[in-house]
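Trainee: Each chain, written out:
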Amino acid sequence: MSAAHPDLAVLQDGPLPIDQGSRVFYWLAACVATTALLTGASLVVGTSSFETSLGWLFAPDAQSAVILWQIRLPRTVGAWSAGALLGLAGAIAQGLFRNPLAEPYLLGTASGAALGVTLCLLGADASIGALAWTAKLGVTGAACIGACAAIALTILLSRGVLQTANLLLSGIVVAFLLSAVTSLLLLAKPDLWRSMQSFLLGSTGFLSWNGAALLGIVLGICVLPSILLSRGLDALSLGEDTAQSLGLSLPMLRLTLLAVLSLATAAAVGQVGIVGFVGLVAPHLVRETITVNHRQLLIGAALCGGALLQAADLVSRWIIHPAELPVGAVTAVVGGIYLVVLLWRRSRHD
Amino acid sequence: MTDRARAFAGRPTAASPTTVRPAALSADGLTLGYGSRTVLQDITFDIQSGTWTAIVGPNGSGKSTLLRALAGLATPRAGTIALRGRPLGQWSRRERARELAWLAQDSGTTNLTAAEVVGLGRFAHSGWLSSRKAEDDAAMRRAMLATGSLPWAARRVTTLSGGERQRVLLARVLAVEAPVLLLDEPTTHLDPPHQQDIARILRDQAHGCGVCVVSAIHDLSLALTADRLIVLGTAGLIGHGTVKEALNGDWLSTAFRTHVDIVELAGVYLWRPALAGATSSSTETP
Amino acid sequence: MSSSIGNRRRGQGFIAALLSFGLALAAHASIVRDDLGRDVRFAEPPRRIITLLPSITETVCALGACDRLVATDRYSDWPVAVRALPKAGGLDDAQVELIVSLKPDLVILSRSQRITDRLADLGIASFALETDRYSDIEHNIDVLGQILGTSERAAELNDSIAARVRAIGDAARAARAGEGPRVYFEVDRAPYAAGPTSFIGELLARVGARNIVTADLGAFPKLNPEYVVRYEPDVIFVSATDAPSLAERPGWDKLRAVKEHRFCSFPPEIRDTLVRPGPRVADGMQAIADCLARVAP
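Residue numbers (the numbering used here), protein chains in the order written: chain A, 1 to 350; chain B, 1 to 286; chain C, 1 to 297.
Just to be clear, a hint being listed does not mean it is correct.
What the hints assert, rightly or not - Capping the alpha-carbon separation at 20 Å, the derived lysine to any residue pairs in SDA-like fashion look like this: (1) C:259 with A:135; (2) C:259 with A:208; (3) B:244 with B:254; (4) A:136 with C:242; (5) A:189 with C:239.
These are computed hints drawn from the structure, not numbers from a lab.
Bound-form chain A, shown alone (with noise of 0.2 Å):
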């Protein structure tokens, strides 16, 4: 052994110093913290002014009670829960591809979830007996079943969840011939265009209660393995060979973690349509910030993309209120100009 450690003799007794749980658990707190302030404000933004807003908290009557605890309150819930998802989602991408620009679309669940829709709202205007169907469905219940079948197609065409370079790929093709088929659909049937838009560019708009529920479940369900997994994340990212020498069931991890990604993600499309960037900006704010492990990525992603989808339904329904914007524009613009300042700061540290 170099005898050149001057320190190795301080370190001899006493915990190993590694935790830094104290910086991990201020950036939590944060985190939460800016949720609560959100949600506060998000109760008094909307088609009423702030003082009108503020006035209803405190004498409220009838109509703003319906419109605060019936419509503000369950969208900005809603809204936290779908970005949370998208953050988990996103977090779980990366760290099974090993590819920090992985998101939870990458299966070809945008398309899927697209072509549902699509074919929901064919449905509807082609017969009474469709009409009945698509009703029980509904958008959302389309969206999710287009999700969940293209990510069978996906894992279909790649023959198994084993090679992840094969299963990208499959995604993408699988992406882009639902995409197509998506497209030729529309053209036949051009009316459809506006209302796809709107799914297509996201919207909290018609988040109740029950969709805030559904999407608290969904994440309930998911988060639960996604922590007790993490520590495979860990391992695999020292590459596949030495996670397998460890002890680690690749086919498991791949086939859990794929499928909490495909639910997380399918549930939050259903609920709020397509929404970009929240699944790729979450988990890369939580790594530029603090170091941490999967398990901390984990919640982390969720807590940070919970918070991210929050302020952009905020922007959305203020910014030219009472009009309102797709949330999907936002995110969209919000994720673009943070990815730009990433790659500034990281070309100047070069």
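Add chains B and C to chain A, keeping to what the hints say.
Mentor: Structure of chains B and C alone, referenced to chain A:
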């Protein structure tokens, strides 16, 4: 030296004072290949615990492939590999992870801190929930002390230099405290003093702790400090035995298809590069 | 000198004939300015016409020149006769080849169509008309009457439309006491609403309905759904497919209009009259007025 390692090495422990001693790793009629290529054909050898075996040979001779097969990461085309007398396939994944520790040639990029990387070495013992017991901590500390990587325990691996990162990865392997260590080029990126440290660690593990160490090493002089050699050539296995046997049989020259000049200096074998004369591409062997 | 006198007489007659012919020509030749600001010259009324807007197709037919149409866009479907005509594409993807092969004298299209330049390059006369507002209806009927040479018929048509519209508005006002009902017209489920500055909005105003959407929000704003809950319309205009799902929207189930099913949905033919500012405008207005009379509180 832990009781487990003792028991593994067949040395007497408190529980069992006298034991039989099966080979730690043995290959029988092993045929390996990847894709359409067959790299090694029908090879048989034994590796005992308490020894350090170095696998040497030119590029493409199958060093990595052999190591991966021994670790259970690649399925052989034919033949069997036995770990402590039992075929590899019969060990459960978890048991095997506790018996074999593997160091890959190139590691992935990871955002973890050095201590977290070393902590992953305890995965086979502590499992999915990373509740760190005192035993885990002690193992990690021992491993980091042995590799001199304790000072940067809290730093992200990506901020370390190549050599520092390699030592962290080696600490990860040592933290497993497995009776068999399989290392693919453990001295990559390291400057001579640290290469020397690694060699000492490996010798210590083998002789002092009774661990079975198998490593693929490029550097001939370093490889010759091991106890035994497995020499691979482009044609397959040239021979396996002690270093002396290898030198007497001039296996290295056969493997590298050119005269490899080994000299002995103060009890240590060194490779002397010939700077004048025909190049290695000439097929003549003087 | 009798031959020279005869010659002079023949010369005068010839000049007289020439003059009268020229006058006749001048009487038919007209220069009309289109909505792109171009002055288009018509030596005589066009005989072969292609229209690329459904509202223009309807106007041309209402002016009695249906037989002069050789092709329309794919959305034109009134009157029934035009459905048999060849279709030259939609609003954005008009088929140049088909148009050229039909050798039209005139192609009438909207201001924003990209094909205009292409047609000019190929030497085909085109005429651009804007069809967005109520005021465009009267203007377009006049202009088309001028072009087609049926100006009297155009004036009659405009008078009859104006009279009908006035009658409907008066009847609606007379039928109710006080102010008109508050309405919300949903164009799409996003939700996109029809504002007062849109054509639909103008029709609603003419029957005396009060649009909950204000003019500053634009013609078709994408609203915050909360807005409808806040401004409590008495009647909701929505498509038949979307009507059942209105109660599921958060907060909307508390609206009186939703609870009491005060919805107005129109079949496709009527819906067309509401988005094509053309000669059937009175039909659309009548449908709106009838529904309001039936459904408003």
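Trainee: Indicate, hint by hint, whether the structure satisfies it.
Mentor: Verification of the hints:
Restraint check for residue 259 of chain C and residue 135 of chain A: satisfied, since their Cα atoms lie roughly 19 Å apart, inside the 20 Å limit. For a cut-off of 20 Å, the pair hint linking residue 259 of chain C to residue 208 of chain A stands: about 18 Å separates their Cα positions. Taken as a hint, the residue 244 of chain B and residue 254 of chain B pair is honoured in the structure, with Cα atoms around 15 Å apart against an allowance of 20 Å. About 12 Å separates the Cα atoms of residue 136 of chain A and residue 242 of chain C, which keeps this hinted pair within 20 Å; it holds.
Taking the CA atoms of residue 189 of chain A and residue 239 of chain C, the gap is about 16 Å. The hint holds against a cut of 20 Å.
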